[in-house]
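Trainee: This is what each chain is made of:
2 protein chains.
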Amino acid sequence: MKQTELQEILKQKGLKTTNQRVLVFKALESCPGKHFTAEELYDVIKVDYPEIGLATVYRTIQLFLELNLIDKINLDDGFVRYEIVDNNNLKHHHHHFICVECGKVYSFEEDLLEDFEAHVEKAFGFKILNHEVKLYGLCKVCLQKNWI
Amino acid sequence: MKQTELQEILKQKGLKTTNQRVLVFKALESCPGKHFTAEELYDVIKVDYPEIGLATVYRTIQLFLELNLIDKINLDDGFVRYEIVDNNNLKHHHHHFICVECGKVYSFEEDLLEDFEAHVEKAFGFKILNHEVKLYGLCKVCLQKNWI
DNA sequence: GTTTATGCAAATATTTTGCAACGTT
DNA sequence: AACGTTGCAAAATATTTGCATAAAC
Numbered sequence: 001m002k003q004t005e006l007q008e009i010l011k012q013k014g015l016k017t018t019n020q021r022v023l024v025f026k027a028l029e030s031c032p033g034k035h036f037t038a039e040e041l042y043d044v045i046k047v048d049y050p051e052i053g054l055a056t057v058y059r060t061i062q063l064f065l066e067l068n069l070i071d072k073i074n075l076d077d078g079f080v081r082y083e084i085v086d087n088n089n090l091k092h093h094h095h096h097f098i099c100v101e102c103g104k105v106y107s108f109e110e111d112l113l114e115d116f117e118a119h120v121e122k123a124f125g126f127k128i129l130n131h132e133v134k135l136y137g138l139c140k141v142c143l144q145k146n147w148i
Numbered sequence: 001m002k003q004t005e006l007q008e009i010l011k012q013k014g015l016k017t018t019n020q021r022v023l024v025f026k027a028l029e030s031c032p033g034k035h036f037t038a039e040e041l042y043d044v045i046k047v048d049y050p051e052i053g054l055a056t057v058y059r060t061i062q063l064f065l066e067l068n069l070i071d072k073i074n075l076d077d078g079f080v081r082y083e084i085v086d087n088n089n090l091k092h093h094h095h096h097f098i099c100v101e102c103g104k105v106y107s108f109e110e111d112l113l114e115d116f117e118a119h120v121e122k123a124f125g126f127k128i129l130n131h132e133v134k135l136y137g138l139c140k141v142c143l144q145k146n147w148i
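Chains as they are written, first to last, in my numbering: chain A, 1 to 148; chain B, 1 to 148.
Derived from the structure by calculation, the hints contain no laboratory data.
Predicted model only: the values in this text are computed from it and were never measured.
Any given hint could be a false lead.
Note: identical chains are not told apart, hence a pair may lie in one copy or across any two.
Think about it this way: if two alpha-carbon atoms lie no more than 20 angstroms apart in a straight line, the pair counts; the simulated EDC-like pairs of lysine to aspartate or glutamate are [as the list claims (entries may be wrong)]: (1) Lys140 <-> Glu121; (2) Lys11 <-> Asp48; (3) Lys134 <-> Glu114; (4) Lys104 <-> Glu117; (5) Lys140 <-> Glu117; (6) Lys34 <-> Glu114; (7) Lys134 <-> Asp76.
When you get a sec, could you build the whole thing from the sequences and use the hints?
Mentor: So, in structure tokens, the structure goes:
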């Protein structure tokens, strides 16, 4: 997504295109797949724009969540994290695998969850709109380490 | 699980069976499937044991998590919640469906996730030990309301 | 010029921690 | 008696909010 598209989205809602909003967006976009905390975004942006306030970062995150520009992720480490939504894959948010040994987080796509969701919708009469799937376990690297 | 079993588990680890630990356990056990916040547990226990401190509740929750007596659940409402682990179904933690309209949380079992996990293990070389699945959408009741 | 957004500081809310007193083994 | 545990209060952490100023339209 280009900066002009962000401008367009904001204009449609009667919102203003500020330096701060553009910078938060650029920071998130520069590292797709990275799970930023609010503080991390703040630190990144402060380098080029030291006058930004942490409260603005929080407010911008809130706004971007409402505009569905970013996803919220909770990895149970005491921080809520955010990553930019992948426009090429709007239908399905990806899943996260968290290694309990090294703490590394792996993101991946896996369509088999659709069967699961279809079954749940049928069995319980729900309409599923979104999901958050976290798998915990040992990653390939840590499994191999344990073999030694 | 009986109180004597809790006592046994604690003794094995060289930990003491205190009134506070028994009361937190009983509170959790009295409502299986209920998602307690720390504060809710505190309030429940205070009725019969007003001298308990909130810090003790937090410390007991931490302990029970380490002993795998309870599960941690985050429903994105600003509170971390806990529920007692179902001993009759140790293999599989259940899943949660959260209605975005009424906010109600439905817990359910669904084995189809095993296929999903088996596939992920094979495809990425992970060893999956646990999972947390949250589905967001409209529940049966709210779907019907919207038909009117 | 009007309205929205920002930065700062203070407030909120949740959870953790230090420590003296206490309870369990 | 020894050691783990508790309650309290204070600290730490994360996030939100009020308000005067500033920037965008």
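Trainee: Taking the hints in turn, state whether each one holds.
Mentor: These are the hints, each one checked on the structure:
1. Taking the shortest Cα distances, Lys140 and Glu121 sit within 20 angstroms of each other only across copies (9 angstroms), while inside one copy they are farther apart (33 angstroms).
2. For a Cα distance limit of 20 angstroms, the shortest separation of Lys11 from Asp48 qualifies neither inside one copy, at 25 angstroms, nor across copies, at 57 angstroms.
3. Within a single copy, Lys134 and Glu114 get their C-alpha atoms as close as 16 angstroms, and across copies as close as 14 angstroms, so both meet the 20 angstroms cut-off.
4. In this assembly of identical chains, the alpha carbons of Lys104 and Glu117 lie at most 20 angstroms apart only when taken from different copies (18 angstroms versus 27 angstroms within one copy).
5. Within a single copy, Lys140 and Glu117 get their C-alpha atoms only as close as 27 angstroms, which misses the 20 angstroms cut-off; across copies the closest is 15 angstroms, which meets it.
6. Taking the shortest alpha-carbon separations for Lys34 and Glu114, neither the intra-copy value of 25 angstroms nor the inter-copy value of 28 angstroms comes in at or below 20 angstroms.
7. For the homomeric pair Lys134 and Asp76, the shortest alpha-carbon distances inside one copy (10 angstroms) and between copies (14 angstroms) are both at most 20 angstroms.
Against the hints set out earlier in the document, violations occur for numbers 2, 6.
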